[in-house]
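Asks: Since the structure of chain A is provided, determine the placement of chains B and C on it from the hints.
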Amino acid sequence: MYELINVDKKFPGVHALKSVDFKIGRGEIVGLVGENGAGKSTLMKVIYGAHQPDGGDITIDGTKVRFQNPRQAMDHGIGMVFQEQSLITNLTVMENIFLGFEQQFVSYGVINWKAMAEAARKQLAKVKLDIDPGTTTSKLSFAQRQLVELAKVLTLEERIDGDLVILLDEPTSVLAKEEVELLFSLVRELTKRASFIFVSHRMDEVLDLSDRIYVMKDGEVVDVVAHDDANVDAIQHKMVGRDVDKEYYREQKQKPYQVEAKPLVAFQNVTATGKYSDISFDLRPGEVLCLVGTEGSGREAILRTIFGLETPSAGAVSIKGVPVSKFNAQVGVANGVGYIPRERKVEGIVAGMSVYENMTLSQMGNYANSGVLRIGEEKTLARRWIDRLAIKTPDVYKDCGGLSGGNQQKVVLAKWRSAGSDIILLDHPTRGLDIGAKEDVYDMVREMSDDGVGIILVADTLEEAIGLSHTIIVLKDGNAQKRFDCSPGDKPSLYDLVHHMI
Amino acid sequence: MSFERIKPHLPWITLLVLVLVVGAADSNFLRPSNLISMAADIVPLFIMALGMTFAIYIGGIDLSAQSVANMTTVVATIALPTFGIGAALICILAGVVLGGVSGFVTTRLFVPSFISTLAVGGIAFSAAQYMSGQRALFMDASLRDSTFGWMTGSLAGIPSELFIAAALVLGAWFLQSRTTFGRALKAVGAGEPAAVASGLNVNRIKIMAFALSGGLAAIAGLLFAVKLSGGSPTLANGFLLPAIVAVLVGGTPLTGGVGGVINTLIGTLIVAVIRSSMLYFEVDATQQQMVFGLILIVAIALTIDRTKLRVVK
Amino acid sequence: MSNVLTRDVLIKWAPLIVLLVLVLFFTAMEPRFFSLRNFARIGISSAPALMVAIGVTFIIIMGSIDLSMEGTVSVCAVVFAFAFIALGGTLASWAWLAIPLALLVGGAIGLVNGLVHVLLKIPSFMASLAMGFVGTGFALLLTGGDRIRVEDDLFRSLLTERWFGFPIMCYVALLFLLIAWFIQSRTTLGRNFYAVGGGEELAHASGLNVNRVRIMGFALAGVFYAVGALLAVGRIGIAETATGSNFMFVSITSVVVGGTALWGGIGGVWNTLIGVLIVNVINNGMVVIGLPGYVQDGVLGILVIAAVVLSTDRKSVTFVK
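Residue numbers (the numbering used here), protein chains in the order written: chain A, 604 to 1105; chain B, 3 to 315; chain C, 4 to 324.
Please note that the accuracy of each hint is not assured.
Unchecked claim - So these bits of chain C aren't anywhere near chain A, every CB distance computed over 12 Å: (1) Trp16; (2) Ser48; (3) Leu100; (4) Leu162; (5) Gly293.
Stated by the list, open to error - Below, a list of computed lysine-lysine pairs in the DSS-like style, where the Cα atoms sit at most 27 Å apart: (6) A:Lys643 with A:Lys1079; (7) C:Lys15 with A:Lys717; (8) A:Lys948 with C:Lys124.
For the record, the hints were derived by calculation from the structure and aren't laboratory data. Virtual Cβ for every residue (Gly too), placed ideally from N, Cα, C.
Bound conformation, chain A alone (with noise of 0.2 Å):
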């Protein structure tokens, strides 16, 4: 009944769905899989209206249909059930359901409460969630939230005649077993009134669920598979199904680190509450260690723990053999630590200041005389790193908020190195870069790597970190869930991350 047919959609630089076909029948249950980015999010927006196909049509029972926003596609019985909490918590349940529609309760400029708590109730009902609609939402578990919010969309049912599509955006992230359980099996009732596309990162829940999983990557649905053919090795495989190159990712200059020297960090049981559990490693000179896990699954809390934005619940960490007691920014830079991190434009650059001050920024003690900065010095400096790192910028004094990304990565890089930090944390440095920019960051890792300098990386893609590091550690909620050594030539295959990721 809903279906999508060629969609494509593009963005600045990228091309984020390449000719999408989706089809759902009434009643039925479709997984949505793939790895980060391979365009699940993209197409979960075009279906509930909030962004616009470049191409191709959307149709309903055959007619075509164009949403300008998720209000049009509500009108249309598409909701959609976010995977942030979107409840307002300070409001009560009723007034959470009905948020933008309470105007059916309304006489003469009153609110019948009576009214909408009876109406909630309803509600409520769908989804066997007994509570009282007058309930402040911050009161209620993650759990009965997510039921709220699946009631919240139901009211759809009243709202629209024809069927119902509702998108379920992982949605069992924040519940326990059982709770999910108890999610699926309401999920399955209420197929008798609309159908449901679920995303999940847990390929066994998906398997469970689907009647047929769609599954994409790079923009495209590779394929299909119906729920009784579906074997999760099988998918994994499709999701993946790329070999790694070697030359791209500079393989053939990495070399093998100091195994025996001192550590440069080490983690000993470290747990952050909430964010990761019982990390142990060491890090030493010259070794690229990658951490590999899904969105979550604390692989930048770790890093901030070592920069010092994070203070661990737990565990002892130590850099260059002298334990850390106290865990700011500043005792990171001191330590010698430089932070590169994702959101470049926001963290990593201060736009509005000039390439030279960008560089010194971290070491300004260095350019000064009790505060008095020797400018020339920094300008030296700058020029010195301009030529090393071919920063294509006109002269020091350009505004860093408006070079290319891939010369505001080698801004941030030149400033920790400048400063001579030997331990450098590298968040996605690729995110964003063309791919001329990206092999520049590869061939400095790899040059930072045979400096001895010790690096921490978090990469943008899976066959990014399988080439680029001596040692990845997977990483499943905040668990450590298993090591590779990555010698050139030996290196794990993408299938067997992947198996412990997800």
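Replies: This is chains B and C only, laid out in the frame that chain A set:
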């Protein structure tokens, strides 16, 4: 796009145009003596605006400036007989401490600066009322002249206030553009997350910015007290609005990061020219506040960097 | 979870407890504090402040702030006084029309305030501060610095006529408190204030016209400022540019001390009532026990910082400017 290109130059172009317009209408206006006395009159306001610049430069605001200045007029008057020139030091110290408190409350206690400075302003106002016994106080004329006479005298026909202002603006400019502190201020104003991720002690920098704002507001109050030869808890009332206007009209936007002390110099001159032109065009003095309020709205609307505000609350 | 609950409970009841403790404290210090006569005095000083504070409560619930009240109150007071005198000078004549006129003017100023804030995308604290300056300037322009006396006995009965020991203005304030409560709890607009304050982006995603809610909020606040202006004029019988002075500090302190969070979404008009009473009990109590009145501003300053600190969930706040 082209507007974005002109934007940084808008303040001085505005100043130039205003001066020419007023000068064309009133030939007396451009006489050097008139210009000098106009500039000298505005020095206390300029000093307060200079301090406010630091608070706004980091993306905050200092609504306590006026109350701090009020308080220092009282402190100066009371302390003069006992401490002589030391009274000046006490005033500045009081301002720095109050500003530091605002900064501390803002950064460490997570109270938005417009509330924290409002509250600290309330404290300063109370202190001023307490110390003055809610009366206007007067300085002993001979004592004032012997201690602070240099502030109000003149050198080679130029009022010494202008030298004070010049010294302060040079100092502030040096601080802003040549020191690690100034660089750090810019980083905090232009990109606070990046400043944190570069290991800067952002909280300390912000506290120092507010302390600086308080200290300069105190100097403004001191100068005012000397000029008027006395102090009262309401002496500097009516300064807050033009001070904020001066900073914003000068091109330091509410979102911080660009502009700076030289911009405030230009902004203050714009305010001064507008004021004297209102006199010339016989716009009633009672309308000044309304006019400045409207200018303020226009100035904010033109300068503010909306990309920095995710949600405008 | 239980931790959150105790915190919620504490925040909910702390203002009332503080109020009771203050009353007990001042009574213990000076028994004359606890008398109908003195309570009436507190009531009189609270009534105009309560109206202004209720107005700004709606704005703060939305997570915005309004600093324009001093200007708005002055303009409303002056416009009212001029119109009242021009139309006959007594409530028994057509001069009563000055009352709705003042409310209209208040609403209009609020509307402009909201439009400036929303359409020009200027943060509300600055947009409203500027509007406040414009308002005070406008009031000065109208009066030329003069005071306008409103000496109609019927209008002044707001203060002079007493029922059960309290002047009529207290009952008027009570009536408007109930109206505000009705708006807050029974109308879509009132509930939408909470939605905007609780999660603006989510509210927008649910199809709420957030900009409209904001603008209406500022207009509504303006009407309440006008009521505050009327009561202020009724109280002293004079309208002037200074009628509005000090309302900004007192009203915002009251709202925050009453337990309405500066971040929006939590609190309401009853909190504000408690907050206004706390502030006025402190003011009155200090005078009654013989402390000089000027300590007030300092105490209020400390109080407002303490209240904001207590109501802030620090984990959820990253940068504050």
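Asks: Indicate, hint by hint, whether the structure satisfies it.
Replies: Hints versus structure:
No Cβ of chain A comes within 12 Å of the Cβ of tryptophan 16 of chain C; the nearest lies about 16 Å off, and the non-interface call holds. No Cβ of chain A approaches the Cβ of serine 48 of chain C within 12 Å, the least distance being about 32 Å, so the stated non-interface status holds. In this structure leucine 100 of chain C is separated from chain A by more than 12 Å, as the shortest Cβ-Cβ distance comes to about 25 Å. Once the 12 Å rule is applied to beta carbons, leucine 162 of chain C is consistent with being away from chain A; the minimum gap is 33 Å.
The claim that glycine 293 of chain C lies off the interface holds: its Cβ sits roughly 43 Å from the closest Cβ of chain A, which is beyond the 12 Å cut-off. Distance check on the hinted pair: lysine 643 of chain A and lysine 1079 of chain A sit about 20 Å apart at the alpha-carbon level, within 27 Å; holds. Restraint check: the Cα-Cα separation between lysine 15 of chain C and lysine 717 of chain A comes to about 25 Å, which is no more than 27 Å; the hinted pair holds. Proximity of lysine 948 of chain A to lysine 124 of chain C is assessed by CA-CA distance (about 23 Å); at most 27 Å being required, the pair is judged to hold.
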